[in-house]
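A.B. asks: Protein chains in written order, with this note's numbering: chain A, 1290 to 1346; chain B, 187 to 329.
If you are wondering where the hints come from, they were derived from the structure by calculation, not from laboratory data.
Misleading hints may appear alongside valid ones.
In silico SDA-like cross-links for lysine to any residue, where the CA-CA straight-line distance does not exceed 20 Å [claimed, not checked]:
hint: 1; chain 1: A; residue 1: 1314; chain 2: A; residue 2: 1302
hint: 2; chain 1: A; residue 1: 1314; chain 2: B; residue 2: 314
hint: 3; chain 1: A; residue 1: 1314; chain 2: B; residue 2: 318
One-letter residues, chain by chain:
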Amino acid sequence: MPITHFPALLLFAALVSTVFGVISKDTPRERALYAAKSFALFVGIAVALGWIMYFVP
Amino acid sequence: MPKRAAEAEITAGPPAEMAARPSLTTLVRLCVAAWLIPGFGHWLLNRRGRAIVLFACIILMFLLGLAMKGEFFALGTGSYLETLGHWGELCVGIAMPAARFFGYAGDPLFVSSDYGTAFLVSAGMLNVLAILDAYDIAMGRKP
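If we strip away everything but chain A, and leave its shape as in the complex, we get:
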């Protein structure tokens, strides 16, 4: 299955965030919020780092 950077990042972030949410919190609402926050941070930080490296010669 050939895959490019961004879909691989999305898949990775989604699966890891789900596990983090399930393991870290106790109620379903807290888990969903934590997983969503973790997913957003994974993707946001990766994209930000990608742009920073774009400008580094």
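Fit chain B to the given chain A structure using the hints.
C.D. replies: Okay, now just chain B, sitting in the frame of chain A:
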């Protein structure tokens, strides 16, 4: 007053949660079960919902790693990183030896092989977290 409290503590015996702790054998069995099949430790502890989500996520991650033709690291190469990678991948449980048994061999020249390898190791690491979580639940430290 502190002396009385200390005496009461001695005569009362261990706290309730200490007394309810499972035996070492039970804990070892639980951890081995949780290692062999991701989420199975939670299943044995009657956390069925959590068990199903953990199993689905970890196995899906492992299967995606296989689909991307990630590599299985070998032992005995003399490289510390490869050795760590091997143990990391083995942490996913019976899925890795099963894939090897059915003839899976990664392709390091495939375009997404590096991603696949990262997925394989990450699946193992997530299973370690799941094992530790099951251990904590069994010890009464978590609901």
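A.B. asks: CA of residue 1314(A) to CA of residue 314(B), is that 20 Å or under?
C.D. replies: holds, 17 Å
A.B. asks: Straight-line Cα separation of residue 1314(A) and residue 318(B) no greater than 20 Å?
C.D. replies: The hint holds at about 14 Å.
A.B. asks: Is the Cα-Cα distance between residue 1314(A) and residue 1302(A) 20 Å or less?
C.D. replies: This hinted pair holds, its Cα atoms lying about 18 Å apart.
Going through the hint list in order, the structure satisfies each hint without exception.
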